[in-house]
Amino acid sequence: MVSDAARTILHVDMDAFFVSVEVADRPELRGRPVIVGGTGPRGVVAAASYEARASGVHSAQPMAVARRRCPHAVILDGRHDRYRAVSAEIMGIFGEATPLVEPISLDEAFLDVTGARRRIGSGREIAMNIRAEVARRTRLTCSVGIAPNKFLAKLASESAKPRVSPSGPRPGAGIVEVDPDRIREFLHPLPVGAVWGVGPSTLAKLQRLGVATVGDLARLPPETLERSLGGAAGSHLAALAHGRDDRPVVADRAVRSISHEVTFPVDVVDPTRLWSELLRLADAVAARARAQGVEGRTVQLKLRWGDFTTVTRSHTAASATADGTGIAARGRRLLDELDVTAGVRLIGIGLSQLEEAAAHTEQLSLLDAPAPAELTRTLDEIKRRFGDSSIRRGRHAGESQRTPGADLWGPNARPD
Amino acid sequence: MRFRCERDVLVDGLSTAGRAVSSRGGAQPVLAGIRMILQGDRLELTGSDLELTISVELTVAGDTDGEIVIPSRLALDIVKALEPGAVTIDTEGEEARITGGRSQFSLHLIPAEEYPPLVAPTGESLTIGAAEFAEGLRQVVPAASTDDSRPILTGVLLAREGTGLRLVSTDSYRLAVRDLPGTSVLAEGQKVLVPSRALTEVARALQSASELTLLLGERDASFLIDGVRLSTRLIEGEFPNYRGLIPQSQPNRLTVGRTALIDALRRVKLMAREATPVRLTMSADGLELVAITQDVGQAHEQLDAQYEGTDLTVAFNPDYLMNGLDVTPGDEVSIETVDTLKPALLRSLETTDFLYLLMPVRVS
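If you read the protein sequences in the order shown, they are chains A and B. Note that my numbering gives residue 348 to position 348 of the first sequence, counting from 1, and the numbers run on in steps of one. Note that my numbering gives residue 220 to position 220 of the second sequence, counting from 1, and the numbers run on in steps of one.
Think of the hints as simulated: they come from the structure by calculation, not from any bench. These numbers come from a predicted model, not from an experiment. Check the hints yourself; a few may be wrong.
In silico lysine to any residue, SDA-like type, Cα no more than 25 Å apart, as pairs [to be verified]:
id, chain 1, residue 1, chain 2, residue 2
1, B, K191, A, L367
2, B, K342, A, A135
3, B, K342, A, L375
4, B, K269, A, Q353
5, B, K342, A, R297
6, A, K154, A, Q207
7, A, K161, A, R124
8, B, K269, A, S319
9, A, K302, A, Q353
10, A, K205, A, T224
11, B, K80, B, Q104
12, A, K154, A, A194
13, B, K342, A, R124
14, A, K383, A, L367
15, B, K342, A, A329
16, B, K342, A, T325
17, B, K342, A, A369
18, B, K342, B, K80
Using the sequences provided together with the hints, build the complete structure.
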């Protein structure tokens, strides 16, 4: 492992990504409060412009609350395909600086530019190049943190972000670099809640120990921390408090899971409707898996009831699959074990334990018929050429055209 | 309650009864405990997760009768750790004192009145030979499914076949069928589905026994083996029609030494990683085993074998194949096949009491 002092890690995070993409495409929105998210009755905020944030709107907030807080906001359904395309362009820009790019989501990534320093220049010069290129090609802004490791780089990019103030958004520094010799000065004044892995319950425990800042945490005897939080978590947190983090930047991190979920406008109690929805979601998951050349052994079912309690159930089979019917059938067995009479608000299905489908092997079953591979290939080809809604299962005929993934943030007001 | 007992006797009893105690801790905390009932010199230890109940009867030096529920895992760990020799357990209020050598532990008890009433075994009692039944279990239990999403397949079917008993299990990838011709415990047409987990414990208890008594109730079955009683709920539902799965005649037939194939498979299997299968290429020249794992490497081995039929390559999960070979009796086995996608039938040349049907892995 390369020691921290030798590494230069960048964390690049797009500023209000989804909203900024919309504003870049529609300049008339510039300077106005803009919210992207689910526009239907149960939608949630996916992203808010800094103008909207000034009114107290934030992501994951119910859209109804956001509307109340910011009545003049322009509220938009998300355009995932567009975000994905812009994201690909941005990741491409990162890739020009270093092959070691680890995307965290559509709009943020870690870059290990240790090797690129000699070729391109210092971490700061690389960061300036990236910001300039991103702005030139996408008209978007991003914030960059530079530090000897991922943990500090992420904190640095956070402190480089634009800020919200009552008088409107104030631009941030854009780039913040943590000098390896001045880690303590940067890190210790930060509130302890800024540390990765400190959620509400850990935070409460730490507050009981009188810990408010990262500095307090660093000064705590390691034994106290381990006793309070458990061995592994305690020592992990102690390392972070001293600014130590040796996790590598891993390029091409394989996709771990593929999932789709849908929130219903009204709670569903009809098992037939749930099954139909499950099948649609499973088909979409399977299609994505096949497109990526992977298949999975574990199927996970997620249900959220009207009162927001959520359960997940998973099942791992001996053989991997990327077949919609197969995934749905496994999901259905999980669904059948749950009592849905209370009404289901959200249903989702996911595929994980993914493996390369290249050398395809399938353990055949004595009892279950194998997936008709020919049919699946043909359907994929039709959808690829004529679009996702060009062909569908008989049981989904006559329903409104909805694409799984389009309503990631709750149902939209109108069918898309 | 107060009694004295040899440490090793108590360790055996606690660990046997403890095997029915759910490690998952279930809904009822009392089930994380072992119930001890002392009457005179007779100590009964019971562990249960309501599906499976194991009771062990020990003879101890009893002093004061009583009934307690003691935390299973902790009690076992404590008693196991004591110096060899006599162990005394006596209770005072909510605590049990465990004394052995110069060590003394006191342990909080679980209120005994919370222990659920367990159904006493019912039904006709039948006695069968331990050795044959144990061998049958060893052959079929591994082929039962461990996947709780298909509960029926986690059971072993006990059915009357002719005048004997038949044991059947399948996890849908393979099917194991064992006949015990001399063992007539079931009535004509009677069949029950016993959870394989319970039968694993039965097989363990049978290691040192010569006989077992079986009691079949409406919804449960009990096995009495040398002072150990295992009671299990039966699985309800219809077992798949396994008879329809067994092919009556297969065009291709390979005959090979069982040990030679096991040894070769064990070697070749080293290169069958990440769920890649082992391929069996069968021809008049004999049998070739091949395993290829991308980016890792490959293994080949040639074996002497007799083969009648068309040249064929079939791929299997090596663990499933190994499993079948391990439990098939005799020196020589036959593998009968139709094609690369149909089930292969594994049998001993010496006996028709056992068959193992295995679905191939499709490679594309």
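Quick rundown of the hints versus the structure:
no. : hint             : result
1   : B:K191 to A:L367 : holds, 20 Å
2   : B:K342 to A:A135 : violated, 60 Å
3   : B:K342 to A:L375 : holds, 21 Å
4   : B:K269 to A:Q353 : holds, 22 Å
5   : B:K342 to A:R297 : holds, 23 Å
6   : A:K154 to A:Q207 : holds, 23 Å
7   : A:K161 to A:R124 : holds, 16 Å
8   : B:K269 to A:S319 : holds, 18 Å
9   : A:K302 to A:Q353 : holds, 17 Å
10  : A:K205 to A:T224 : holds, 11 Å
11  : B:K80 to B:Q104  : holds, 13 Å
12  : A:K154 to A:A194 : holds, 10 Å
13  : B:K342 to A:R124 : violated, 63 Å
14  : A:K383 to A:L367 : violated, 31 Å
15  : B:K342 to A:A329 : holds, 23 Å
16  : B:K342 to A:T325 : holds, 22 Å
17  : B:K342 to A:A369 : holds, 12 Å
18  : B:K342 to B:K80  : violated, 51 Å
Checked against the numbered hints listed earlier, the structure breaks hints 2, 13, 14, 18; every other hint is satisfied.
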